[in-house]
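Enquirer: Full structure from sequences and hints, please.
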Amino acid sequence: EDQVTQSPEALRLQEGESSSLNCSYTVSGLRGLFWYRQDPGKGPEFLFTLYSAGEEKEKERLKATLTKKESFLHITAPKPEDSATYLCAVHIYSSASKIIFGSGTRLSIRP
Amino acid sequence: EAQVTQNPRYLITVTGKKLTVTCSQNMNHEYMSWYRQDPGLGLRQIYYSMNVEVTDKGDVPEGYKVSRKEKRNFPLILESPSPNQTSLYFCASSPIAGLWFFGPGTRLTVL
Numbered sequence: 009e010d011q012v013t014q015s016p017e018a019l020r021l022q023e024g025e026s027s028s029l030n031c032s033y034t035v036s037g038l039r040g041l042f043w044y045r046q047d048p049g050k051g052p053e054f055l056f057t058l059y060s061a062g063e064e065k066e067k068e069r070l071k072a073t074l075t076k077k078e079s080f081l082h083i084t085a086p087k088p089e090d091s092a093t094y095l096c097a098v099h100i101y102s103s104a105s106k107i108i109f110g111s112g113t114r115l116s117i118r119p
Numbered sequence: 021e022a023q024v025t026q027n028p029r030y031l032i033t034v035t036g037k038k039l040t041v042t043c044s045q046n047m048n049h050e051y052m053s054w055y056r057q058d059p060g061l062g063l064r065q066i067y068y069s070m071n072v073e074v075t076d077k078g079d080v081p082e083g084y085k086v087s088r089k090e091k092r093n094f095p096l097i098l099e100s101p102s103p104n105q106t107s108l109y110f111c112a113s114s115p116i117a118g119l120w121f122f123g124p125g126t127r128l129t130v131l
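As they're listed, the protein sequences go chains Y and G.
Numbering (the numbering used here) for the first sequence: 9 to 119.
Numbering (the numbering used here) for the second sequence: 21 to 131.
Hints were generated in silico from the structure; no laboratory data involved.
All C-beta atoms in this analysis are idealised placements derived from N, C-alpha and C, irrespective of residue type, glycine included.
Take these hints with a grain of salt, some might be off.
[To be verified] Below 30 angstroms or equal to it, Euclidean Cα-Cα: the simulated DSBU-like pairs (lysine-lysine) are: (1) G:K85 x G:K37; (2) Y:K106 x G:K38; (3) Y:K106 x G:K85; (4) Y:K50 x G:K91; (5) G:K89 x G:K77.
[Unchecked claim] Covered stretches of chain G (chain Y as the covering partner; in silico rule of three or more C-beta atoms under 8 angstroms from a C-beta of chain Y): (6) 58 to 66; (7) 114 to 124.
Expert: Structure follows, in structure tokens:
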């Protein structure tokens, strides 16, 4: 069964303390992996898309990487405004439009 | 401004009273989709559409209907709402499968 698992569920960091969020997946065939950011009460906002193992994307303090089994979202020297829930989603080959979302990591950055 | 709009943003209704949540996008996207988000269950796809008059079921379609008569609009219809449909609903559109642009959400309470 296709599955996406994110860890940890919640992460509290001090401002400036770097860390990584994990998204592991077991799918029949990966078309692409997506990272989203969701603020409370709002819709998810697209951050990155990765298509092949070894690929990396960066945006400000965030860097996403992809292997054959998992993706990491590295956050370097985070600020309080980086606090949000981070979702990963995978697009699988067996369906044109089926996207499976993970349950997210709730990130909290203390000043 | 490129966006996905949903109305209403908040709705409290009673069991069995038919309702429609509207969704519109101004980005000329082919794909549109409806998701519901529940604590502990994450985002689950209800229905999606790959083009006008082309719709298909997602993971949790029971109790919902959709139609795509125009490219920009994708309303979600609950013919006879029940309390287990109390949730946060997101409409999304995409130029390619997986790269979703989400609306602001509709918080529905069914009493």
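Enquirer: Look at each hint and say if it fits the structure.
Expert: Quick rundown of the hints versus the structure:
1. A distance of roughly 14 angstroms separates the Cα atoms of K85 (chain G) and K37 (chain G); the hinted pair therefore holds under the 30 angstroms criterion.
2. With a C-alpha separation of about 28 angstroms, the suggested pairing of K106 (chain Y) with K38 (chain G) holds against the 30 angstroms cut-off.
3. Only pairs whose Cα atoms come within 30 angstroms are accepted, and K106 (chain Y) paired with K85 (chain G) is accepted, the gap being roughly 18 angstroms.
4. Between K50 (chain Y) and K91 (chain G), the direct Cα distance comes to roughly 24 angstroms. Compliance with the 30 angstroms bound is thereby established for this hinted pair.
5. Between K89 (chain G) and K77 (chain G), the direct Cα distance comes to roughly 17 angstroms. Compliance with the 30 angstroms bound is thereby established for this hinted pair.
6. Only residues whose C-beta sits within less than 8 angstroms of a C-beta in chain Y count toward coverage, and the region 58 to 66 of chain G has 6 of them, enough to reach three; the restraint holds.
7. Interface restraint, the region 114 to 124 of chain G with chain Y: holds (8 residues with C-beta to C-beta distance below 8 angstroms; minimum three).
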